[in-house]
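**Student:** Next come the chains, spelled out residue by residue.
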Amino acid sequence: MALADMRTPIESGCPDGFQYMHPVMRRNYGQWKYHDHPRPGVLRHVSHHGDQIWTVKAGTQRILDVFTLRKLCDIGDKYAEGYVRFTIRSNIEYMVSDGAKVEPLVKALEDAGFVVGGTANSVSMISHTQGWLHCDIPGTDASGVVKAMMDELIDEFRTCRMPNRVHITTSCCQINCGGQGDIAINVQHTKPPKINHDLVSNVCERPSVVARCPVAAIRPALVNGKPSLEVDEKKCICCGACYPPCPPMQINDPEHTKLAIWVGGNHSNARGKPTFQKLVAAGIPNNPPRWPEATAIVKRILKAYQEGARDWERVNDWIERIGWPRFFEVTGLPFTTYHVDNWRGARSSLNASTHIRF
Amino acid sequence: MAKKVHETPMLDELENGPWPSFISGIKRLRDQHPDERIQSVANSLLGQLEHSYETRKGYWKGGTVSVYGYGGGIIPRFSEVGAAFPESKEFHTLRVQPPAGNFYTTDMLRQLGESWEKWGSGLVTFHGQTGNIMFIGTTTENTQHFFDEINEYGWDLGGAGPCVRTGMSCVGAARCEQSCCNEHSIHRSLLNRFTDDVHRPALPYKFKFKVSGCPNDCVNSIERSDFAIIGTWRDAMKIDQDEVKAYVARKGRQYVIDNVTTRCPTNCMTLNDDDTLTVDDHDCVRCMHCLNVMPTALSPGDDKGITVLIGGKRTLKIGDLMGTVVVPFMKMETEEDYQRLTEMAENIIDFWAENGLEHERCGEMIERIGLVNFLEGIGVDVDPHMVSHPRQSSYVRTDGWDEQAEEWYRRKLEAKQQASV
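Protein chains in written order, with my numbering: chain B, -4 to 353; chain V, 1215 to 1635.
Keep in mind the hints are simulated off the structure, nothing from the lab. Heads up, a few of these hints could be off.
[Unchecked claim] Ranges between beta-carbon positions, derived for each pair:
| # | chain 1 | residue 1 | chain 2 | residue 2 | range |
| --- | --- | --- | --- | --- | --- |
| 1 | B | Ala216 | V | Ile1583 | 44 to 50 angstroms |
| 2 | V | Ser1607 | B | Glu288 | 42 to 48 angstroms |
| 3 | V | Gln1553 | B | Arg22 | 24 to 30 angstroms |
| 4 | B | Asn346 | V | Ser1602 | 40 to 46 angstroms |
| 5 | V | Asp1616 | B | Glu302 | 43 to 49 angstroms |
| 6 | B | Asn346 | V | Asp1456 | 42 to 48 angstroms |
| 7 | V | Asp1497 | B | Asn346 | 25 to 31 angstroms |
| 8 | B | Ala277 | V | Gln1632 | 53 to 59 angstroms |
| 9 | V | Gly1593 | B | Gly340 | 26 to 32 angstroms |
| 10 | V | Asp1472 | B | Asn337 | 56 to 62 angstroms |
| 11 | V | Glu1250 | B | Ala291 | 40 to 46 angstroms |
| 12 | B | Glu200 | V | Ser1607 | 56 to 62 angstroms |
| 13 | B | Asn282 | V | Tyr1282 | 30 to 36 angstroms |
| 14 | V | Gln1606 | B | Ala216 | 37 to 43 angstroms |
Every residue, glycine too, gets a C-beta built ideally from N, C-alpha and C.
The task is simple: from the sequences and hints, build the whole structure.
**Tutor:** Printed below as a string of structure tokens:
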């Protein structure tokens, strides 16, 4: 583009959402009285003025092609008054002002291959990262893992058979952009980066690479007379954070990239204070295209939770009540030295009491 | 399509099963889209993705791409296997800021879709983990064209790189009875104050705002934002005793005792013999559990406001951190309230920009320098709500104790005088 064609941007920032909001929601903004849950995937909210709005939630493939986007819009136009919103887990929500419109809308969504559900005590859509489709340090394809897993969890999305809601997340590396979940499937690199010393001095700004390392394992070094970097492999935690500023530090490895599963992340303040997820399983093969080993462990954890937890207990509440030794017993997962934290502040995670369950 | 279609035996497996398949979507673009450019891009992308599945490695690397006038907002992606899959060798993502609460009309989605198939791959995500609409896959040149087109009808880029990032808010007051603040207004007034810092990355690292209307925190602000705003209230929760009785009649006393009163983290509730509920509101920590179980009977109080927590973040670089309470309660009603919140955000970002190290999040800086130094830097007084418990370690100098104690009494007196005005 020639300089003369350049257009100054309109720095409008975050747009006003009210222009896209269903009129009933606009009219009753801040005036809602209560809600109920007529069936899985459907919510009804009632306002102090007596207005009502029904929401139908549907799971999608998250990565939408324009055909799918238009299909969702067609359904919205024909059955749902033309207004939608998306949840943070990439579910789509249609809002209608008339309860009679709910069933035709549900049917239209299901006939078009979308999945109605994800409300209340269901397993919601897995929020996830870009993976091999677009990320620069992905150990796996988050979209593929999620598609394969949701194929097997679809009935738990459609129904509300869990003790409380279950949020699952998937991240394609340890940096964990996918987030915290009741169950989190994250990739764990297990070997330090392999350095292509011929390229480092041309490609990498060495001080920023050194600064990026969480454990100070990277040092400047001269290799074959050229400025490069070296990694103290004993210190390295294989997080991959050095790769984006320095692609010659290759972290991806077809064999040694494994999946790990973490549980008990819960950002809600309901009952207890918010909690972070904890490691329960690692070394799970990164096995495209269906990752059956990871799905099997997730299903095993879900089954134990479903059988063992009381109403309203989230995964972390359930484990806190039964204790971690019992968690490993009921899920049949091995407890290893890797489960004992050795990062800063780790002693606060050790048991300094005689509180022991037999 | 005249060109050879890449074989995708592994990806084909992801078309099996009942959940909607993103692979089928990309194939539709390859096989059915009228524009040959989009067909070729989809074919090439599938080829590279299949190659990743076969070799179990990713092949994208970053670079520098932006639109005229901005320094960020684009995730540049160049293929390392572009020779084999040339039509998707430049495959950048544009991050576009959605409205608070992610509301759209179908008309607007169609308009965005049309622009994107004119200039991009036809693949889009609502939304990425930071909260942006992700328009995935275009060339360096078309990045500018697409931006120009959607910018004309009301959309702007979000943040990427060391800058203020796109914000996120829950559905909030638009559709939720638990909402204790105007999430949308807070979101827009904060984000749009920092538009320049969104578009021109010049901070130590990323800085995120997220707004949740109540402590259920549906957008996960506490773990995933540097500046978390969570709605709450400080007077008594509202109890509709007739609805309580109706609920007890429906579910039984035992259920209510087991699932409501004994689940209260501070044991502040009693189910009385006449099936009414008594709450000791001084002990209530607004955890939301009982309101979640009995939404028709229990509601937040009338004296609503927000709690502000600073420094939450994900794993890199020192491990996960929750946000720390910096403002236990603040009303959000008047222009001045909004101004006070914005000023606080300005102070925090300024202080962190001055004192944060390269690639250090605000929470990590607080960990390094200590909360007290941080509070001093931003001009906020200490408050017992900021800690789970006072210090344990006895290794501390306390030479300024008397002045601090005097200061505390002075502040208490001031607050008392203000309350009586």
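**Student:** Hints broken by the structure, by number, lowest first?
**Tutor:** 1, 4, 5, 10, 12, 13
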